[in-house]
Amino acid sequence: MKTFYAILLTFIVALAGCNGNKVNLSSLKPAATRTVGKLTIVLLNKSGELMQGQNEFVIQFKDDQGQPADVGDVQLGSNMSMPGMSPMSGDAEITPAGQTGVYKVTSNFAMSGAWHFTLSWSGPYGQGHTTFNNNVR
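Letter by letter, the sequence shown follows residues -16 to -1, 1 to 121 in mature numbering (1 follows the signal peptide of the UniProt record, and there is no 0).
Don't take every hint at face value.
[Unchecked claim] In silico DSSO-like links for lysine-lysine, alpha-carbon gap of 27 angstroms or less:
| hint | residue 1 | residue 2 |
| --- | --- | --- |
| 1 | K13 | K30 |
| 2 | K22 | K6 |
| 3 | K46 | K6 |
| 4 | K6 | K88 |
| 5 | K13 | K88 |
| 6 | K22 | K46 |
| 7 | K46 | K88 |
| 8 | K46 | K13 |
| 9 | K30 | K46 |
| 10 | K88 | K30 |
| 11 | K30 | K6 |
| 12 | K88 | K22 |
Simulated from the structure, these hints should not be mistaken for laboratory data. Note that the structure is a prediction, hence the values are computed from the model and not measured.
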């Protein structure tokens, strides 16, 4: 009987771990939205604004019916133009959130101001890209 409970406990812990990466989208506010072909891409976080320093936000892809869209591999780059200097790059780590069409992003913006984001994807919806211009406060 102890073996049964040990297996059951292991199974429950494993299931909890599978759901631990999911994002509660209803608690997030949109910071930017783009439509590319049949896809709508939304950048979301808790405040609806990006801030100087460390940020966590979500990128969500939806199809033309408003349903989550699996776009496959997603890449994100960010930079800030600096007059008379090379653009400043923002570090960004993007990972699937365990939900169709949802990706978690951790990024660090060294300065506040106008940042330019380049987002690209390759997968079931083909290859695509878009840009976001967003003010980091």
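Consistency of the hints with the structure:
1. K13 x K30: 6 angstroms, holds
2. K22 x K6: 25 angstroms, holds
3. K46 x K6: 17 angstroms, holds
4. K6 x K88: 9 angstroms, holds
5. K13 x K88: Between K13 and K88 the Cα gap is close to 14 angstroms, so the pair holds against 27 angstroms.
6. K22 x K46: 8 angstroms, holds
7. K46 x K88: 15 angstroms, holds
8. K46 x K13: Given that 27 angstroms is the threshold and the Cα spacing comes to 16 angstroms, the pair holds.
9. K30 x K46: At roughly 19 angstroms apart (the allowed maximum being 27 angstroms), K46 and K30 satisfy the hint.
10. K88 x K30: 13 angstroms, holds
11. K30 x K6: This hinted pair holds, its Cα atoms lying about 15 angstroms apart.
12. K88 x K22: Distance ~22 angstroms between K88 and K22 Cα, so the pair holds.
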